[in-house]
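Q: Take these sequences, add in the hints, and give me the full structure.
Respectively, the protein sequence lines represent chains P and R. Numbering-wise (the numbering used here), the first sequence opens with residue 2 and increments by one. Numbering-wise (the numbering used here), the second sequence opens with residue 2 and increments by one.
Just so you know, the hints here were simulated from the structure itself, not pulled from any lab data. Bear in mind the structure is a predicted one, so any value in this text is a computation, not a measurement. Certain hints may be false.
For chains that are exact copies, the list does not tell them apart, and a pair is met inside one copy or across any two.
As a list, the in silico BS3-like pairs of lysine-lysine whose alpha-carbon atoms are at most 27 Å apart [to be verified]:
{"#": "1", "residue 1": "476", "residue 2": "416"}
{"#": "2", "residue 1": "36", "residue 2": "69"}
{"#": "3", "residue 1": "416", "residue 2": "240"}
{"#": "4", "residue 1": "36", "residue 2": "73"}
{"#": "5", "residue 1": "99", "residue 2": "150"}
{"#": "6", "residue 1": "311", "residue 2": "416"}
{"#": "7", "residue 1": "34", "residue 2": "69"}
{"#": "8", "residue 1": "99", "residue 2": "73"}
{"#": "9", "residue 1": "150", "residue 2": "499"}
{"#": "10", "residue 1": "36", "residue 2": "24"}
2 protein chains.
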Amino acid sequence: MSKTAKLVVNAIGRAVPTEVNGKPVIPYKGVGKHKPEGRKYGPRIASCADFPEDGNKLVQSLRQALIKSGLKDGMTISTHHHFRNGDLIAVQIFDIAKELGIKNLVWFPSASFECHAPLTKYLEDGTIHHIEGSMNGQLGRFTSEGKMKGTGVLRSHGGRYQAVQDGEVEIDIAVIAAPAADFFGNANGVDGPAACGLLGFALADSQYADKVIVVTDNLVPFPCVPWQIQGNYVDYVVKVDQVGIPSKIVSGTTEITRSPDRLLLAEMTARFCEHAGIIKDGFSFQAGAGGTALSIGIYFAEMLKAKGMKARFARGGSNKYLVSMLQEGLVDYILDGQTFDLDGVKSMRENPNHVNTSPFTSYNYHGKGNFASMLDVVILGATEVDLNFNANVVTHSDGLLLHGIGGWQNCLFAKCTILPVPLFRDRIPVIRDEVTTLCGPGELIDVIVTERGIAINPLRTDLIERVRDSGLPVKTIHQLKEEAEKICGVPAKQKFEKEIVAVVKWVDGTVLDTIYKVSS
Amino acid sequence: MSKTAKLVVNAIGRAVPTEVNGKPVIPYKGVGKHKPEGRKYGPRIASCADFPEDGNKLVQSLRQALIKSGLKDGMTISTHHHFRNGDLIAVQIFDIAKELGIKNLVWFPSASFECHAPLTKYLEDGTIHHIEGSMNGQLGRFTSEGKMKGTGVLRSHGGRYQAVQDGEVEIDIAVIAAPAADFFGNANGVDGPAACGLLGFALADSQYADKVIVVTDNLVPFPCVPWQIQGNYVDYVVKVDQVGIPSKIVSGTTEITRSPDRLLLAEMTARFCEHAGIIKDGFSFQAGAGGTALSIGIYFAEMLKAKGMKARFARGGSNKYLVSMLQEGLVDYILDGQTFDLDGVKSMRENPNHVNTSPFTSYNYHGKGNFASMLDVVILGATEVDLNFNANVVTHSDGLLLHGIGGWQNCLFAKCTILPVPLFRDRIPVIRDEVTTLCGPGELIDVIVTERGIAINPLRTDLIERVRDSGLPVKTIHQLKEEAEKICGVPAKQKFEKEIVAVVKWVDGTVLDTIYKVSS
Numbered sequence: 002m003s004k005t006a007k008l009v010v011n012a013i014g015r016a017v018p019t020e021v022n023g024k025p026v027i028p029y030k031g032v033g034k035h036k037p038e039g040r041k042y043g044p045r046i047a048s049c050a051d052f053p054e055d056g057n058k059l060v061q062s063l064r065q066a067l068i069k070s071g072l073k074d075g076m077t078i079s080t081h082h083h084f085r086n087g088d089l090i091a092v093q094i095f096d097i098a099k100e101l102g103i104k105n106l107v108w109f110p111s112a113s114f115e116c117h118a119p120l121t122k123y124l125e126d127g128t129i130h131h132i133e134g135s136m137n138g139q140l141g142r143f144t145s146e147g148k149m150k151g152t153g154v155l156r157s158h159g160g161r162y163q164a165v166q167d168g169e170v171e172i173d174i175a176v177i178a179a180p181a182a183d184f185f186g187n188a189n190g191v192d193g194p195a196a197c198g199l200l201g202f203a204l205a206d207s208q209y210a211d212k213v214i215v216v217t218d219n220l221v222p223f224p225c226v227p228w229q230i231q232g233n234y235v236d237y238v239v240k241v242d243q244v245g246i247p248s249k250i251v252s253g254t255t256e257i258t259r260s261p262d263r264l265l266l267a268e269m270t271a272r273f274c275e276h277a278g279i280i281k282d283g284f285s286f287q288a289g290a291g292g293t294a295l296s297i298g299i300y301f302a303e304m305l306k307a308k309g310m311k312a313r314f315a316r317g318g319s320n321k322y323l324v325s326m327l328q329e330g331l332v333d334y335i336l337d338g339q340t341f342d343l344d345g346v347k348s349m350r351e352n353p354n355h356v357n358t359s360p361f362t363s364y365n366y367h368g369k370g371n372f373a374s375m376l377d378v379v380i381l382g383a384t385e386v387d388l389n390f391n392a393n394v395v396t397h398s399d400g401l402l403l404h405g406i407g408g409w410q411n412c413l414f415a416k417c418t419i420l421p422v423p424l425f426r427d428r429i430p431v432i433r434d435e436v437t438t439l440c441g442p443g444e445l446i447d448v449i450v451t452e453r454g455i456a457i458n459p460l461r462t463d464l465i466e467r468v469r470d471s472g473l474p475v476k477t478i479h480q481l482k483e484e485a486e487k488i489c490g491v492p493a494k495q496k497f498e499k500e501i502v503a504v505v506k507w508v509d510g511t512v513l514d515t516i517y518k519v520s521s
Numbered sequence: 002m003s004k005t006a007k008l009v010v011n012a013i014g015r016a017v018p019t020e021v022n023g024k025p026v027i028p029y030k031g032v033g034k035h036k037p038e039g040r041k042y043g044p045r046i047a048s049c050a051d052f053p054e055d056g057n058k059l060v061q062s063l064r065q066a067l068i069k070s071g072l073k074d075g076m077t078i079s080t081h082h083h084f085r086n087g088d089l090i091a092v093q094i095f096d097i098a099k100e101l102g103i104k105n106l107v108w109f110p111s112a113s114f115e116c117h118a119p120l121t122k123y124l125e126d127g128t129i130h131h132i133e134g135s136m137n138g139q140l141g142r143f144t145s146e147g148k149m150k151g152t153g154v155l156r157s158h159g160g161r162y163q164a165v166q167d168g169e170v171e172i173d174i175a176v177i178a179a180p181a182a183d184f185f186g187n188a189n190g191v192d193g194p195a196a197c198g199l200l201g202f203a204l205a206d207s208q209y210a211d212k213v214i215v216v217t218d219n220l221v222p223f224p225c226v227p228w229q230i231q232g233n234y235v236d237y238v239v240k241v242d243q244v245g246i247p248s249k250i251v252s253g254t255t256e257i258t259r260s261p262d263r264l265l266l267a268e269m270t271a272r273f274c275e276h277a278g279i280i281k282d283g284f285s286f287q288a289g290a291g292g293t294a295l296s297i298g299i300y301f302a303e304m305l306k307a308k309g310m311k312a313r314f315a316r317g318g319s320n321k322y323l324v325s326m327l328q329e330g331l332v333d334y335i336l337d338g339q340t341f342d343l344d345g346v347k348s349m350r351e352n353p354n355h356v357n358t359s360p361f362t363s364y365n366y367h368g369k370g371n372f373a374s375m376l377d378v379v380i381l382g383a384t385e386v387d388l389n390f391n392a393n394v395v396t397h398s399d400g401l402l403l404h405g406i407g408g409w410q411n412c413l414f415a416k417c418t419i420l421p422v423p424l425f426r427d428r429i430p431v432i433r434d435e436v437t438t439l440c441g442p443g444e445l446i447d448v449i450v451t452e453r454g455i456a457i458n459p460l461r462t463d464l465i466e467r468v469r470d471s472g473l474p475v476k477t478i479h480q481l482k483e484e485a486e487k488i489c490g491v492p493a494k495q496k497f498e499k500e501i502v503a504v505v506k507w508v509d510g511t512v513l514d515t516i517y518k519v520s521s
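A: Structure follows, in C-alpha cells:
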C-alpha cells in the first residue's frame with residue numbers, strides 16, 4: 002500500500018486509511034457499534050503423533066528452535082513484555098533472523114521498551130518490515146520520522162488479544178520467554194531468577210500462534226506448577242543462560258511521588274471519589290503504577306481504614322502498596338495483569354487471593370463480557386485531553402510516538418474513568434481544542450482532575466449532581482483550558498506530513514485514528 | 002442414514018461404518034497414522050456490546066436461559082459429569098425441552114450415570130435423538146436393544162475434547178452445573194455444598210459451545226476464585242436451589258478392596274512394576290479409583306517408603322489414599338482430572354500441589370503432546386482382552402453396553418500400560434480369541450496381570466528381559482487363555498444383529514469399532 006493511502010472520516014471525525022500494510026481495515030464506527038460477524042481464528046490442528054511421547058521438547062538453541070519453526074521472510078513473530086526493560090530475548094530473535102538472511106518480518110510485541118532500541122538497525126536493513134505494538138523511545142522517534150517500511154499498528158492489550166483471536170493478526174512464531182518452564186513447555190512467571198509474576202500477555206500467542214517456542218533460564222522437572230502457559234500449546238523449549246535482567250524487570254522499589262503537584266492531583270482524585278460515593282464497602286478500583294495513580298491507592302487505603310470498609314477487588318499492575326492492602330484485609334482480591342515490583346511477584350506466588358489474569362479475562366472486547374467494565378473506578382493518565390473529553394495517550398503534542406496504549410483503552414469501560422492530569426507540562430497545555438492523536442472517545446471519559454479544578458463530562462449528570470455541594474473545585478473543561486492558556490498562551494497547531502506512520506486501533510479492531518510523520 | 006450402513010474394514014480388521022448419524026466418518030488407520038489437516042473449530046466472535054457492562058448475566062431460571070440461548074429442534078446440548086451419580090441438572094434440561102415441544106436433540110455428556118436413566122423416556126418420545134457419550138445401566142440396555150433413534154458415539158475423555166476442538170461435534174448449548182459461581186459466570190468445583198473438586202470436563206464446552214449456561218446453587222460475589230471455568234466464555238448464569246446431591250457426587254469413603262483375589266492382582270501388579278524397574282525416584286503413575294487399582298497405589302506407597310523414594314507426580318482420579326501420599330511427601334504433585342472423594346476435594350481446594358487438569362492438558366491427542374504419554378505406568382481395567390492384547394472396556398461379552406471409555410484410551414499411551422484382570426468373571430473367560438468390542442489396540446497394551454499369571458506383550462522385549470529372573474509367574478497370553486478355558490470351557494461366540502447401535506471412536510476421531518444390537 003501507499004503510506005498516503007485514501008482516507009475516510011470515521012464516526013468520531015478522524016481521517017483514517019481503509020487499508021493498512023496492504024490489508025483492508027474498518028474505520029471506527031462508535032462505541033459498541035461494530036458488531037463482529039465472523040468466527041474466531043482456527044489454528045492448525047496438531048497431533049501428538051508429531052510430538053515426543055516422553056514430553057521432552059527441548060532443542061539446543063533459540064536459533065535451532067526458530068529454524069525448526071520454519072522461520073522465513075514475511076513472518077509475524079510475537080513476544081511478550083513481562084520482562085519490561087530487562088528483556089534479553091526479543092533482540093536475539095532478530096539477531097538470528099539477520100544471520101539467517103531473513104527479511105520483512107513483522108514484530109508483534111505486547112509492548113516495547115528502551116531495551117529494544119537495537120531493533121532500529123533491523124528496521125533499517127529490512128530484517129523487520131514493521132512493528133505492530135507500542136513504539137516509544139528510539140523506536141518511537143524512528144517511526145515518527147517515517148523511517149519504518151510498513152505502518153505501525155497500535156493496539157490496547159485487549160485489542161491485541163482480540164486481533165489474535167479474530168485472526169486479524171496471524172502469528173507465525175510466538176517466542177515466550179519464561180522465568181520457569183519444564184521440558185514440555187508448561188511455564189510460569191512466579192519462579193526463578195527472572196521472576197516477573199505472570200505471563201498473561203503471552204496467552205493469546207500460546208493459544209493461536211502456528212509455532213510456539215518457550216525460552217527459559219530456569220528449567221524445572223515436569224510438571225512446572227502453576228502452568229500459566231500450557232505446554233500443550235508449545236512446540237519447542239529452549240534453555241538459555243539468562244532470559245531477563247532482574248533489576249530491570251522489576252525495580253524492587255516503587256516509591257510514591259514526592260512532587261507536591263502530583264500529590265495534590267492524587268488527593269483531589271481520591272476526594273472526588275469519596276464525594277461521588279464511589280468509595281464504599283465492596284467497591285473495586287484500578288490505578289496504574291507510578292506517581293499520581295500510586296498515591297491514589299494510598300489515599301483509598303486510608304479512607305477505607307477510616308470507614309472500616311474494604312474493597313472487593315483491585316485490578317493490578319500490582320506493587321507493594323496494593324499488596325499491603327491485600328495483606329491488611331483492605332481488599333479481598335488483586336486481579337493482576339502484570340506485577341510492577343518484587344512484592345507483587347512474591348504475593349502472586351504465595352497468596353491465592355492475588356490472582357493472575359490475562360488480557361482475555363480482563364480486556365478482550367470480543368468476549369462475552371470482560372472484567373474492565375465491572376470496575377467502579379479507574380484512574381489513568383493522558384498526554385492530552387480535548388474539549389469533548391477525547392484523550393491521547395500515545396503521542397506528545399509534537400506528534401512524536403511516546404508510548405503504547407497498554408490497557409488504557411480497555412479500562413475506559415469502567416463505571417467511572419478519571420484522568421488526573423496537570424493543566425500543563427513544560428508550559429504546554431494538556432487540554433486542547435482537539436487531541437493530536439485520539440486514543441479514547443470522550444463519551445467514555447468521565448472526569449478530568451487538574452491542580453486547578455475538576456471537569457466532569459456533561460454526559461455524567463449523576464456525578465455532577467453528587468459532588469455539587471462537596472466544595473470540590475468543579476469547573477467546565479472550557480474553563481480549565483482557558484486557565485491554562487492564560488498562563489502558557491494558546492499553543493500553535495502542530496504541522497504534520499501527509500505520510501502515515503501508524504494507526505491507532507480501537508478495542509474492536511476498527512481504526513480510531515492516524516499518526517503522521519512529524520515534520521523535521 | 003441407515004443403521005445397517007455400508008461397512009469397511011479398518012486398519013485393525015474391524016468392520017466400521019463410513020457414515021454415522023448422517024455424517025461421514027474416517028475409519029481407524031492405526032496408532033498415530035491419521036494426521037489431521039484442518040483447523041480448530043472457530044466459535045462465533047462475541048462482542049462485549051451484547052453483554053451487560055456490570056457483568057451481571059443472571060437470568061431467572063434454567064428454562065429462561067435455554068430459551069434465551071435459542072433452544073430448538075436438532076440442537077446439541079452438552080453437560081459434564083463431575084457430579085457423577087448426584088447430577089440434578091441434566092435431566093431438568095430435557096424436562097424443559099419436552100415441555101417446550103423440542104425434538105431430536107443430541108445429548109453430549111462427558112459421561113452418564115444411573116441418575117440419567119429417566120432420559121430413556123425422552124429417547125423414546127423423540128425429545129432426544131441420540132447420545133454421544135457413555136451409555137450404561139438402563140441407557141446402555143436401551144441402546145444395546147436398538148431402541149435409540151440415532152447411533153451412539155463413544156469417545157474417550159480426550160477424544161471428546163478433540164471432537165469439540167476439531168469441530169466434529171458442534172455444541173449449540175453447554176450447560177455447566179457448578180458448585181460455585183459468580184454472576185459473570187466464573188465458576189469452580191471446590192467450594193459450596195455440591196463441591197466436586199474441579200470442572201475440567203466442561204472446559205471444551207465453555208471454550209467452543211455457541212451458548213454457555215452456568216447453573217449454580219452457590220452464587221458468590223464476583224470474583225469467584227479460582228475460576229476453573231472463565232466467565233468470559235459464559236452467556237447466562239442461573240441460580241437454583243441444588244445442583245447435585247453431595248452424597249452421590251463423592252462417596253466420602255473409598256475403601257480398598259477386601260477381596261483376596263483382587264488384592265492378589267494388586268500385589269502382583271505392584272511386584273511386576275518393582276521388578277521391571279518402574280518404581281524409582283521421580284517416577285509417575287496413574288491408577289483409577291476402586292478395588293484393584295486403588296490397592297496398587299497403596300502398595301506403591303509402601304514400596305516408596307521402604308526405598309526412601311518419592312514419585313514426581315500421580316495422575317488422579319484422586320482419593321484419600323493418593324491425598325495421603327501427597328501429604329506424606331511420597332509424591333510431589335497430583336495432576337487431577339476428577340476427585341473421587343471429599344479428601345480429594347479438600348486437598349484440591351487447599352494444596353497448591355494438588356493441581357486441577359483438564360482433558361486438554363491430559364488427554365487431547367490433537368494437541369502438541371499431552372500428559373498421558375509421559376506417565377511411567379498406568380493401571381487400568383478391562384472387560385475382555387484378546388490374544389493380540391487388544392482390549393474392551395465398554396461392553397460385556399454379551400454385547401451389552403456396560404460403561405463409557407473415560408480416560409482409558411488416552412491412558413494407553415503411557416510408557417507401560419498394565420491391565421490387572423481376573424482370568425474369568427462369572428465363569429466367563431476374560432481372555433478371548435477376539436474382543437467383542439475393540440477399544441484399545443494391543444500394540445499399546447503391555448502387560449496383562451491375572452491371578453494365575455502375567456502375560457507380557459511380545460512387542461515389549463525390554464519388559465520381558467527385565468522380569469526374566471524375578472520369579473514372577475510370567476506366561477504367554479495363549480497359556481492364560483487355555484487355563485481359563487480349562488476351567489470355564491470355551492465360550493460360545495455371541496451372536497449379534499446387523500443393526501449398528503453405536504460406534505467406538507479412537508483418540509484421533511477415527512472409528513475403531515462398531516457395536517451391534519444384541520439379540521433378544
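Q: Each of the hints needs a verdict: does it hold here or not?
A: Against the structure, the hints come out as follows:
| no. | hint | verdict |
| --- | --- | --- |
| 1 | 476 - 416 | within (21 Å within a copy, 73 Å between copies) |
| 2 | 36 - 69 | between (39 Å within a copy, 19 Å between copies) |
| 3 | 416 - 240 | between (45 Å within a copy, 25 Å between copies) |
| 4 | 36 - 73 | between (35 Å within a copy, 24 Å between copies) |
| 5 | 99 - 150 | within (16 Å within a copy, 62 Å between copies) |
| 6 | 311 - 416 | within (18 Å within a copy, 52 Å between copies) |
| 7 | 34 - 69 | between (43 Å within a copy, 22 Å between copies) |
| 8 | 99 - 73 | within (11 Å within a copy, 57 Å between copies) |
| 9 | 150 - 499 | within (16 Å within a copy, 67 Å between copies) |
| 10 | 36 - 24 | within (19 Å within a copy, 32 Å between copies) |
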